[in-house]
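**Student:** Listed here are the chains, written in short residue letters.
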Amino acid sequence: MTAEPAGGWTRDPGLQPERTRLAWRRTTLSGTVAAVLAMRTVLRGGATVAGVLVCALCVAFWLGFLLVAHSRIRTLAAAHDPATLSPRQAAAAVLCTIALAVCAAALIS
Amino acid sequence: MIDLARNVRLWFAPQKIRDEGTTPDYRFSLANERTFLAWLRTALALIGGGFAVDQFLPDLRWGWRVGLALALLAAGVLCSLRAVNHWLRCERAMRRGEDLPVSRFPALLSLVVAIVALAMVFVVLVGWEG
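So the protein sequences, as listed, match chains A and B.
Numbering-wise, the first sequence is residues -8 to 100 according to this note's numbering.
Numbering-wise, the second sequence is residues 496 to 625 according to this note's numbering.
Bear in mind the hints are in silico, worked out from the structure with no lab data behind them.
As the structure is a prediction and not an experimental result, all values here were calculated from the model.
The reader is advised that the hints may include incorrect statements.
[Claimed, not checked] Among the chain B residues that face chain A by a calculated CB cut under 7 Å, a handful are: (1) S524; (2) L525; (3) R536; (4) L539; (5) G558; (6) A566; (7) W582; (8) R584; (9) E593; (10) A602; (11) L603; (12) L606; (13) V608; (14) A609; (15) L620.
Heads up, the beta-carbon is just placed ideally off N, CA and C, and yes, glycines get one too.
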């Protein structure tokens, strides 16, 4: 933590908002890998109706996660001292992740 | 983990978190957020690992394959739940000016990953085509 520059706030020398924004990007990439693996599982398993439905759910949860990430990234980019992540956003991101895992369990067994 | 139920109410009532203490330096909150995201990535990687075991070890016996995959998926669910719970606890501790909470979860997760990895080695050496 370096000291704030005297005479007004120009730029955080630690680039905290940028790093946090990139962390969100990395996390959406991880989610994309999981969603692509879900699609592969369905396509290789012979694409039954139930399989395609669960796959559609996976894509929906992936999109939900992207939405949360996108709104947070916009907040982080807009201000140089952005507001704290709200528990509701954190919960939404986590619920999408858990739902993806539940879909995975349904696809695998 | 016992106070998880109490914290779940806070997830959906975000204004309550602002009732306590004072707002910390935004950089500390952002660091806390990045830690939360790192745990979430770990959870997503575990979920991806569950898919990968199912998809890329097709010669494995059904029981082993599904068992290992479900173990990885369960670890992913636990990891993501813990991520949000720990994030909230850290955020509240920072607002109140308390010490950050300690946790034995990293040690537990390391043990689980080590056990799954050993099981994979065993399965690949012995259980193949079993």
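**Student:** With reference to the structure, classify each hint as holding or not holding.
**Tutor:** Do the hints match the structure? See the list:
1. For S524 of chain B, the shortest C-beta to C-beta distance to chain A is roughly 4 Å, which falls under 7 Å, so the interface hint holds.
2. Taking 7 Å as the C-beta contact cut-off toward chain A, the hint placing L525 of chain B at the interface holds, the least distance being around 4 Å.
3. Below 7 Å, beta-carbon pairs count as interface contacts, and R536 of chain B has one with chain A at about 5 Å; its hint therefore holds.
4. Hint status for L539 of chain B relative to chain A: holds, with the closest Cβ pair at about 4 Å, below 7 Å.
5. This hint is violated: G558 of chain B has a C-beta 11 Å from the nearest C-beta of chain A, more than the 7 Å allowed.
6. Of the supplied interface hints, the one on A566 of chain B is violated, with its beta-carbon coming no nearer than about 11 Å to a beta-carbon of chain A, more than 7 Å.
7. Residue-level restraint check for W582 of chain B holds (minimum Cβ-Cβ distance to chain A is 6 Å; threshold 7 Å).
8. Proximity of R584 of chain B to chain A is violated relative to the hint, the smallest CB-CB distance being about 11 Å (cut-off 7 Å).
9. Below 7 Å, beta-carbon pairs count as interface contacts, and E593 of chain B has none with chain A, the closest being about 17 Å; its hint is therefore violated.
10. With its C-beta approaching chain A no nearer than about 22 Å, A602 of chain B sits outside the 7 Å limit, and its interface hint is violated.
11. Because the closest C-beta pair between L603 of chain B and chain A is about 18 Å apart, greater than 7 Å, the hint is violated.
12. This hint is violated: L606 of chain B has a C-beta 20 Å from the nearest C-beta of chain A, more than the 7 Å allowed.
13. Checking V608 of chain B against chain A: minimum C-beta separation of about 16 Å lies over 7 Å; hint violated.
14. Here the hint on A609 of chain B is broken, as its CB sits about 21 Å from the closest CB of chain A, past 7 Å.
15. Among the interface hints, the one on L620 of chain B is violated; its C-beta lies about 23 Å from the nearest C-beta in chain A, farther than the 7 Å criterion.
Going down the numbered hints, you'll see the structure goes against 5, 6, 8, 9, 10, 11, 12, 13, 14 and 15, while the others check out.
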